[in-house]
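**Student:** One-letter residues, chain by chain:
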Amino acid sequence: MSLNMDKHNQFLNFVFFTLLLCAFACNPQDSNREKVKVLHYNQHRGISSLDPAFARSQANIWAIDHLYNGLVQLDEQLNVKPAIAKSWSISPNGKDYTFTLNSNVYFHKNVCFEDSIGRKVTAKDFVYSFNRVIDKEVSSPGSWIFNGKVDSVQPFQAINDTTFVLKLLEPFRPMLGILTMQYCSVVPKEAIEFYGKTFRANPVGTGAFKFKKWLENQSMFLIKNDNYFEKLNGEQLPFLDGVRISFIGDRKTAYLELMNSKLDLISGLESSYVNELLTEDGELQPSQAKHLQFLKSPYLNTEYLGINMEFKEETSALKLKKVRQALNFGFDRAQMQAALRNNVGKPANKGFIPRGLPAHNFSEVKGFNYDPNKALGLLSEAGYPNGKGLPEIKLLTNKDYLDLCTFITRQWEDIGIKSKIELVESATLRSMMRKSQAPFFRGSWIADYPDGESFLTVFYGGNPAPPNYTHFKNATFDQLYEEALKENNDSIRYTKYNQMDKILIEEAPVIFLFYDETAVFATKNISGLSKNAINLLSLKAVRKD
Amino acid sequence: MASSNISLGMIAFLLRKLFYGFFVLVLVIILISSVIYLAPVDPARLTFGQRSDAKTVEAKREKLGLDQPLYVQLGSYLNDLSPLSKIKIADEQELPYEYLSLLTFSESKMVLKWPYLRESFQTGRSVSAVLREAIPKTIILAFSAIGIAMLIGIPLGVMASLKPNSLFDNSAVVLSVIGFSVPSYVSAMILALVFGYLLHDYTGLETQGAIFDLDDLGDERYFWKNLILPAIALGIRPVAIITQLTRSAMLDVLSQDFIRTAKAKGLSKFKVVFKHALRNAMNPVTTAISGWFASLLAGAFFVENVFRFNGLGQLTVNAMLTYDIPVVLGAVLFTASIFVLINILVDVLYAYLDPRVTVS
Numbered sequence: 001m002s003l004n005m006d007k008h009n010q011f012l013n014f015v016f017f018t019l020l021l022c023a024f025a026c027n028p029q030d031s032n033r034e035k036v037k038v039l040h041y042n043q044h045r046g047i048s049s050l051d052p053a054f055a056r057s058q059a060n061i062w063a064i065d066h067l068y069n070g071l072v073q074l075d076e077q078l079n080v081k082p083a084i085a086k087s088w089s090i091s092p093n094g095k096d097y098t099f100t101l102n103s104n105v106y107f108h109k110n111v112c113f114e115d116s117i118g119r120k121v122t123a124k125d126f127v128y129s130f131n132r133v134i135d136k137e138v139s140s141p142g143s144w145i146f147n148g149k150v151d152s153v154q155p156f157q158a159i160n161d162t163t164f165v166l167k168l169l170e171p172f173r174p175m176l177g178i179l180t181m182q183y184c185s186v187v188p189k190e191a192i193e194f195y196g197k198t199f200r201a202n203p204v205g206t207g208a209f210k211f212k213k214w215l216e217n218q219s220m221f222l223i224k225n226d227n228y229f230e231k232l233n234g235e236q237l238p239f240l241d242g243v244r245i246s247f248i249g250d251r252k253t254a255y256l257e258l259m260n261s262k263l264d265l266i267s268g269l270e271s272s273y274v275n276e277l278l279t280e281d282g283e284l285q286p287s288q289a290k291h292l293q294f295l296k297s298p299y300l301n302t303e304y305l306g307i308n309m310e311f312k313e314e315t316s317a318l319k320l321k322k323v324r325q326a327l328n329f330g331f332d333r334a335q336m337q338a339a340l341r342n343n344v345g346k347p348a349n350k351g352f353i354p355r356g357l358p359a360h361n362f363s364e365v366k367g368f369n370y371d372p373n374k375a376l377g378l379l380s381e382a383g384y385p386n387g388k389g390l391p392e393i394k395l396l397t398n399k400d401y402l403d404l405c406t407f408i409t410r411q412w413e414d415i416g417i418k419s420k421i422e423l424v425e426s427a428t429l430r431s432m433m434r435k436s437q438a439p440f441f442r443g444s445w446i447a448d449y450p451d452g453e454s455f456l457t458v459f460y461g462g463n464p465a466p467p468n469y470t471h472f473k474n475a476t477f478d479q480l481y482e483e484a485l486k487e488n489n490d491s492i493r494y495t496k497y498n499q500m501d502k503i504l505i506e507e508a509p510v511i512f513l514f515y516d517e518t519a520v521f522a523t524k525n526i527s528g529l530s531k532n533a534i535n536l537l538s539l540k541a542v543r544k545d
Numbered sequence: 001m002a003s004s005n006i007s008l009g010m011i012a013f014l015l016r017k018l019f020y021g022f023f024v025l026v027l028v029i030i031l032i033s034s035v036i037y038l039a040p041v042d043p044a045r046l047t048f049g050q051r052s053d054a055k056t057v058e059a060k061r062e063k064l065g066l067d068q069p070l071y072v073q074l075g076s077y078l079n080d081l082s083p084l085s086k087i088k089i090a091d092e093q094e095l096p097y098e099y100l101s102l103l104t105f106s107e108s109k110m111v112l113k114w115p116y117l118r119e120s121f122q123t124g125r126s127v128s129a130v131l132r133e134a135i136p137k138t139i140i141l142a143f144s145a146i147g148i149a150m151l152i153g154i155p156l157g158v159m160a161s162l163k164p165n166s167l168f169d170n171s172a173v174v175l176s177v178i179g180f181s182v183p184s185y186v187s188a189m190i191l192a193l194v195f196g197y198l199l200h201d202y203t204g205l206e207t208q209g210a211i212f213d214l215d216d217l218g219d220e221r222y223f224w225k226n227l228i229l230p231a232i233a234l235g236i237r238p239v240a241i242i243t244q245l246t247r248s249a250m251l252d253v254l255s256q257d258f259i260r261t262a263k264a265k266g267l268s269k270f271k272v273v274f275k276h277a278l279r280n281a282m283n284p285v286t287t288a289i290s291g292w293f294a295s296l297l298a299g300a301f302f303v304e305n306v307f308r309f310n311g312l313g314q315l316t317v318n319a320m321l322t323y324d325i326p327v328v329l330g331a332v333l334f335t336a337s338i339f340v341l342i343n344i345l346v347d348v349l350y351a352y353l354d355p356r357v358t359v360s
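One line per chain: the protein sequences are A and B, in this order.
Take 1 as the starting number for the first sequence in my numbering and just add one per residue.
Take 1 as the starting number for the second sequence in my numbering and just add one per residue.
Be aware that one or more of the hints could be misleading.
Per label pair, the in silico range of CB-to-CB distance [stated by the list, open to error]:
hint, chain 1, residue 1, chain 2, residue 2, range
1, B, Trp224, A, Asp545, 25 to 35 Å
2, A, Gly196, B, Trp114, 56 to 66 Å
3, B, Ala298, A, Asn260, 42 to 52 Å
4, B, Leu175, A, Lys290, 37 to 47 Å
5, A, His291, B, Gly75, 53 to 63 Å
6, A, Thr100, B, Ala129, 25 to 35 Å
7, A, Asn260, B, Ser34, 27 to 37 Å
8, B, Trp114, A, Asp135, 45 to 55 Å
9, A, Lys399, B, Trp114, 32 to 42 Å
These are calculated hints, taken from the structure and not from any lab test.
Bear in mind that the values here come from a model prediction, so they are computed numbers and not experimental data.
Beta carbons are placed, not taken as given, at the ideal position from N, Cα and C, and that holds for glycine.
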């Protein structure tokens, strides 16, 4: 070969290897990682808005909780405790709630304010924020929390800078619990006027963290609010310097990122990695114990199979109460949880209200257990001995719950009940449930606020679908429900809740599956994570070593 | 080389092609809109959470125009898309776009504007803004994939043609066919798992990631290394085509008279192969590549979703899962436009390069 060829070759080689080197060598950020304490977690469903009026999904709720505060908040035992309001009182007639606010709470610094200084929060800000939630122009998905419950003339009042009054139409005991929801966060009028439609991506709150940057569907970064009003044991909160949220939609990938220490925390279980992380009994795998910690706690979420009680079809196997009860007795919940969920989540052997509400004593409520003989007996009584003559049941579910539904329908086959599973896309299924086009469907219900009423409302005859997807109507149930709403004495109220749960068990408009538990996996250097049944990831007291 | 003959016939040809292309786009919009309309899902309801009250959902439906019959919704959307459109004077204040008034009537105006793609149902952001963020990433990915495919395919094809029917030649062809047959999401997943996870410590590459992201301090940065695996995954299939084409084109050219002349003149093998033969062999390869560019967009949808690449592909899939109609329609419209334009370009290129093709 001629000399030209060699030089030509050499040059090309040089260019190629330089480029290759650059691609792999450019990694300056690793050295910065150690100095700042930033918590990385993943939100696989993506965040649609940081506007509290749109705190409709868990992803939005968590992020909004980092950035905003409301009047009150929940502690680990789900008791309502002060946040921006330092104390409150309820009038004897149960309709007026008066809150006294802290006077040391300031909004984050932002260009929307005069001189960019975050000003002090006053009661007027709460009037503005709450009115926003019911404003038709805003179309907040949270308007149901106030609509029909608050006074129609003057629901929200600012008596002075530190006194805020909420007026109800009728007494509603769970109202305080509702006020802990992120829909009830305080927002500054200046921010909404300044940002308009882009307020959803330019949050200005009072929270432990301030907004820094959001690359949609990519990642979000929040930084510490040095001016935050809350302290823990005299120490200023928050402890973290920042929070980074990734939006990796594929949970397997998120799990891999956790293994690579690119993420500090992931939440929830998925079949692809559950056995890598948990033993069959639901404990953390010993091989992971050096690197990870596992936090499990009751989650106010009931998983169920819903029956549309309108029975639009002529022949439905589910019309008879005894058949529905038989279905409930006909499968082994404990085995299901062990085999398919690594014992994360407890069998639903009570009513619709799950575990996790410490104040609620439901020991007297006796639900369903696995009793195939009883199931067969009930089928006989209903006129279908061994399931003979019973029309086939069709169950609608999305792919995430296919394993559960398959398990259940197989066990039903053993008592002679024939059923078929139909896979539907999540969005389509929800739509069908709303339009009463789903005769038998898999559903779940998460508490919006920590009170049993939040679950029983699903069966109140006066409610449409949602939440009453089963279109259940029972006069006794409805009467108890209306009485409970007005009942000031907690123990009497809980007794009524138990009575309502017993009606649900008797009438069986649903097949009770399990009470969920939250599952959070975090690296060992994270401390201060609290377990709470509302599954709220509160980061203000979290430390990273 | 064909002589440059940009005649009137050529221009008429181009205009005709553009006109047909435009019709195709309108048809695509009508077709996709109808399919979405007939789907049993209420996109307005999907913008709410677990609970809502019926009144607010109804108000949202009205706001989004979803309570109208299909032909009204279609007409309204096409009016928004069209640069030349009609607006009601009563609605003038609320319009979210700028326009130039042409004609004014009693209750309406004819205006000139940029196509208005509306706003996302889920986030409320303008679809144009969303597309503007996503499209460049996909274009970079597609170009990189073609680049890699050419970097591998052309040398492979040249070397195969220099030793026809040898072991090297046969292996090259077989390997390239295997690469072509593997679906892009399969190769993407294998690459992600092997190089991004199992060999992560050696390669420094990730199983997922975008090229523009926030770093650990919340500052925006370019992460070009995240382009490597997706581009390879996407480029594997074109490699086969390019290898084969280069090989056959080279074989064709190498057997021609002027090559024998060059060899007889005593030019080095390198000069013969690269300076003379390859240049002539590139014609069919170039036209094939431009045709492939459009197909790469389809492959990009899969690859992007595997690698969480955050381009047009991932955007469209996410929008479809949440029935975010404006985003879906905007993305489909853009993709269809690219296909149409590339096709027109290829047609014109053929006509320009090959004098045997007439443009009557």
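**Student:** Now tell me, hint by hint, if it's right for this structure.
**Tutor:** Structure-based check of all given hints:
Judged by the Cβ atoms, the range 25 to 35 Å given for tryptophan 224/B and aspartate 545/A holds: they are separated by roughly 32 Å. Checked against the given bound of 56 to 66 Å, the beta carbons of glycine 196/A and tryptophan 114/B, roughly 21 Å apart, lie outside it. For alanine 298/B and asparagine 260/A, the Cβ-Cβ distance of about 31 Å falls outside the hinted range of 42 to 52 Å, so the restraint is violated. Between leucine 175/B and lysine 290/A, the C-beta spacing of about 43 Å keeps the proposed range 37 to 47 Å intact.
Here the CB-CB span from histidine 291/A to glycine 75/B is close to 59 Å, well matched to the stated 53 to 63 Å. For the hinted restraint 25 to 35 Å between threonine 100/A and alanine 129/B, the CB-CB distance of approximately 44 Å leaves it violated. The hint said 27 to 37 Å for the Cβ distance between asparagine 260/A and serine 34/B, and at roughly 45 Å that hint is violated. Between tryptophan 114/B and aspartate 135/A the C-beta distance comes to about 31 Å, which lies outside the given range of 45 to 55 Å.
Between lysine 399/A and tryptophan 114/B the Cβ separation comes to about 40 Å, which falls inside the hinted range of 32 to 42 Å.
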